[in-house]
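Chemist: Residue numbers (the working numbering), protein chains in the order written: chain H, 5 to 175; chain E, 82 to 398.
Treat the hints with care, since some could be wrong.
Stated by the list, open to error - Part of the chain E face toward chain H, derived, beta carbon under 8 Å:
hint : residue
1    : 121
2    : 187
3    : 188
4    : 361
Claimed, not checked - Distance windows between CB atoms, simulated:
hint : chain 1 : residue 1 : chain 2 : residue 2 : range
5    : H       : 6         : E       : 101       : 32 to 42 Å
6    : E       : 131       : H       : 6         : 50 to 60 Å
7    : H       : 96        : E       : 373       : 25 to 35 Å
8    : H       : 39        : E       : 347       : 29 to 39 Å
9    : H       : 17        : E       : 347       : 33 to 43 Å
10   : H       : 6         : E       : 127       : 16 to 26 Å
11   : E       : 101       : H       : 117       : 36 to 46 Å
12   : E       : 267       : H       : 25        : 34 to 44 Å
13   : E       : 366       : H       : 139       : 30 to 40 Å
Treat the hints as calculated values from the structure; they're not laboratory data. Heads up, the beta-carbon is just placed ideally off N, CA and C, and yes, glycines get one too.
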Amino acid sequence: MISLLRSIGLIFLHMFRKRETIQYPEEKVVLHPRWRGRIVLTRDPDGGERCVGCYLCAAACPVDCISLQATEDEHGRRYPAFFRINFSRCIFCGYCEEACPTYAIQLTPDFEMGEYNRQNLVYEKEDLLIDSQGKYPGYNYYKVAGLSAGVKGKGEGANEEPPVDIRSLIP
Amino acid sequence: MNEILKYTLMIVIILFTLTTIAAWLIWLERRMLALWQDRYGPNRAGPFGLFIVVADTIKLFFKEDWIPPFAEKAVFVFAPAIVAAAVLLSFVVVPFAPDILVADLDIGLLFFLAMSSLGVYSIVLGGWASNNKYSLLGALRGASQMISYEVFMGLSLMGVVMLSGSFRLTDIVMAQKDFWFVVTQPVAFVLFLTAGIAETHRLPFDIPEAESELVAGFHSEYSGMKFGMFFIGEYLGIILISAMVVTIFFGGWLGPVLPPVVWFTLKTFVFIIFFILLRASLPRPRYDQLMEYGWKIILPIALLNLLVTGGFTLLKN
Ligand code: SF4
Ligand code: SF4
Numbered sequence: 005m006i007s008l009l010r011s012i013g014l015i016f017l018h019m020f021r022k023r024e025t026i027q028y029p030e031e032k033v034v035l036h037p038r039w040r041g042r043i044v045l046t047r048d049p050d051g052g053e054r055c056v057g058c059y060l061c062a063a064a065c066p067v068d069c070i071s072l073q074a075t076e077d078e079h080g081r082r083y084p085a086f087f088r089i090n091f092s093r094c095i096f097c098g099y100c101e102e103a104c105p106t107y108a109i110q111l112t113p114d115f116e117m118g119e120y121n122r123q124n125l126v127y128e129k130e131d132l133l134i135d136s137q138g139k140y141p142g143y144n145y146y147k148v149a150g151l152s153a154g155v156k157g158k159g160e161g162a163n164e165e166p167p168v169d170i171r172s173l174i175p
Numbered sequence: 082m083n084e085i086l087k088y089t090l091m092i093v094i095i096l097f098t099l100t101t102i103a104a105w106l107i108w109l110e111r112r113m114l115a116l117w118q119d120r121y122g123p124n125r126a127g128p129f130g131l132f133i134v135v136a137d138t139i140k141l142f143f144k145e146d147w148i149p150p151f152a153e154k155a156v157f158v159f160a161p162a163i164v165a166a167a168v169l170l171s172f173v174v175v176p177f178a179p180d181i182l183v184a185d186l187d188i189g190l191l192f193f194l195a196m197s198s199l200g201v202y203s204i205v206l207g208g209w210a211s212n213n214k215y216s217l218l219g220a221l222r223g224a225s226q227m228i229s230y231e232v233f234m235g236l237s238l239m240g241v242v243m244l245s246g247s248f249r250l251t252d253i254v255m256a257q258k259d260f261w262f263v264v265t266q267p268v269a270f271v272l273f274l275t276a277g278i279a280e281t282h283r284l285p286f287d288i289p290e291a292e293s294e295l296v297a298g299f300h301s302e303y304s305g306m307k308f309g310m311f312f313i314g315e316y317l318g319i320i321l322i323s324a325m326v327v328t329i330f331f332g333g334w335l336g337p338v339l340p341p342v343v344w345f346t347l348k349t350f351v352f353i354i355f356f357i358l359l360r361a362s363l364p365r366p367r368y369d370q371l372m373e374y375g376w377k378i379i380l381p382i383a384l385l386n387l388l389v390t391g392g393f394t395l396l397k398n
């Protein structure tokens with residue numbers, strides 16, 4: 005009996021507490037930098053596409069909502085011919101970002117993606133690609149890769165020795 | 082002729098006011114619950130979200146009004162009307178002010194008891210006609226809850242009747258000129274309030290509905306405006322019980338300065354809000370606990386209260 009009265013009293017006192025609700029459209033939610041929201045494709049510091057079309061993100065995606073087609077330019081640099089994410093299926097788990105070897109695909113703190121037409125939730129490459137390096141500034145995959153793809157010559161990359169001249173005996 | 086016109090007008094006004102208030106109570110309840118749960122509640126449609134009621138009503142009208150093929154059709158349709166009708170009938174005897182009441186019956190209190198318990202037919206019939214196990218369980222619970230709580234609802238009021246010497250509600254109010262009956266009959270007040278909550282099937286005594294055990298109890302199969310009738314009936318019931326508590330224990334319309342109707346409304350709203358507070362704070366007891374509580378604890382207390390009151394009245398005379 006006493007406990008009932010006590011809980012009635014306690015609930016009554018809640019009348020004078022601050023309300024927890026965030027009045028959303030007027031008042032914005034604080035989104036932290038690692039919030040997993042709308043997915044973007046980033047570029048390297050020189051403005052080239054980071055994505056090398058390795059399909060790892062598509063393979064990692066638990067709901068299979070990424071589809072892409074890799075292709076190569078004349079220097080042998082790989083890039084996606086098309087890159088499509090169906091956001092009506094995406095669960096924003098972030099596995100694609102974890103799988104990506106080149107930091108190309110990244111999740112951003114933005115969730116306001118409402119659409120009237122479901123088809124509009126399918127984002128193409130031009131919708132995904134942004135002019136920014138995202139969370140990993142300064143990283144350029146082709147600068148550290150052993151491969152020459154029009155970004156740097158062989159042996160000119162970071163932490164890279166010039167190639168050994170196999171016809172010479174000089175050490 | 083003039084007399085008839087006056088009463089017709091009075092009935093229409095009271096009916097209109099009551100149903101309107103009952104509808105807005107939905108808003109009030111949601112806002113108050115939100116306040117006690119540190120939320121805002123509906124605050125978008127119109128000023129303070131007041132128009133949410135209109136939106137809700139429109140929504141209810143546009144819902145599919147579905148009657149399950151296995152239901153007993155006529156009873157199924159008829160049942161929701163009973164609850165609202167029974168509660169509205171009880172309002173016939175409620176004295177809102179000395180000159181605002183429909184009928185000043187000399188058995189007003191008995192009439193109220195009779196009418197308010199008629200409401201259980203709506204639950205029993207609705208639950209039975211739905212032909213659904215959960216509904217039937219809800220209906221059974223409703224019936225047994227009503228039977229056990231009806232008993233000491235009546236018994237707790239008999240002390241008041243002894244003191245005022247009349248079943249007429251206006252007499253009962255006038256008998257409280259010096260003391261409200263809550264002072265002389267505090268036990269009866271607590272018992273009546275408890276029984277009243279059980280009578281309206283409000284939390285914590287919403288055993289027939291018990292959505293965590295019985296889906297939605299007796300109205301599981303109801304949709305659209307038929308469900309709306311149960312809803313309105315419940316809120317009308319809250320108003321009725323609050324009004325009766327005020328009339329019987331808190332001096333009805335009596336009060337200084339302000340006009341009688343205002344006093345009555347103010348007091349009634351205090352109890353309506355108390356009803357909502359109870360919903361916000363108390364968990365639902367188990368079904369057998371409710372029964373045990375009613376028969377083993379409250380009934381003896383009600384009888385004891387009656388005995389003591391009777392003894393005192395006898396000594397005084
Ligand atoms: S966040 Fe998860 S679900 Fe969405 S595209 Fe990436 S891997 Fe797929
Ligand atoms: S986004 Fe990353 S993981 Fe996906 S194909 Fe491009 S490089 Fe590979």
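Chemist: CB of residue 366 of chain E to CB of residue 139 of chain H, is that within 30 to 40 Å?
Modeler: 54 Å, violated
Chemist: With a cut-off of 8 Å on the beta carbons, see whether residue 187 of chain E makes it to chain H.
Modeler: 37 Å, violated
Chemist: The hint says 32 to 42 Å between residue 6 of chain H and residue 101 of chain E; measuring C-beta to C-beta, is that right?
Modeler: Given a distance of about 39 Å, which is inside 32 to 42 Å, the answer is holds.
Chemist: Would the hint on residue 188 of chain E stand, with a C-beta cut-off of 8 Å toward chain H?
Modeler: Hint violated; residue 188 of chain E Cβ to chain H Cβ min 35 Å, cut 8 Å.
Chemist: State, for the Cβ atoms of residue 6 of chain H and residue 127 of chain E, whether the hinted interval 16 to 26 Å holds or is violated.
Modeler: 42 Å, violated
Chemist: With 33 to 43 Å as the target window, see if residue 17 of chain H and residue 347 of chain E comply at their CB atoms.
Modeler: 23 Å, violated
Chemist: Using the beta carbons of residue 96 of chain H and residue 373 of chain E, state whether their distance is inside 25 to 35 Å or not.
Modeler: 51 Å, violated
Chemist: Return holds or violated for the Cβ distance of residue 39 of chain H and residue 347 of chain E against the range 29 to 39 Å.
Modeler: About 49 Å separates the Cβ atoms of residue 39 of chain H and residue 347 of chain E, which means 29 to 39 Å is violated.
Chemist: Quick one: are residue 101 of chain E and residue 117 of chain H within 36 to 46 Å, going by C-beta?
Modeler: At 42 Å between Cβs, range holds.
Chemist: Given residue 361 of chain E was flagged as interface, is its beta-carbon under 8 Å from a beta-carbon of chain H?
Modeler: 5 Å, holds
Chemist: Hint validation: residue 121 of chain E versus chain H, beta carbon distance must be below 8 Å. Holds or violated?
Modeler: Cβ of residue 121 of chain E sits 5 Å from chain H, so the hint holds.
Chemist: Please test the hint of 34 to 44 Å on the beta carbon pair from residue 267 of chain E and residue 25 of chain H.
Modeler: This hint holds: roughly 39 Å between Cβ atoms.
When each numbered hint is compared with the structure, violations occur for hints 2, 3, 6, 7, 8, 9, 10, 13.
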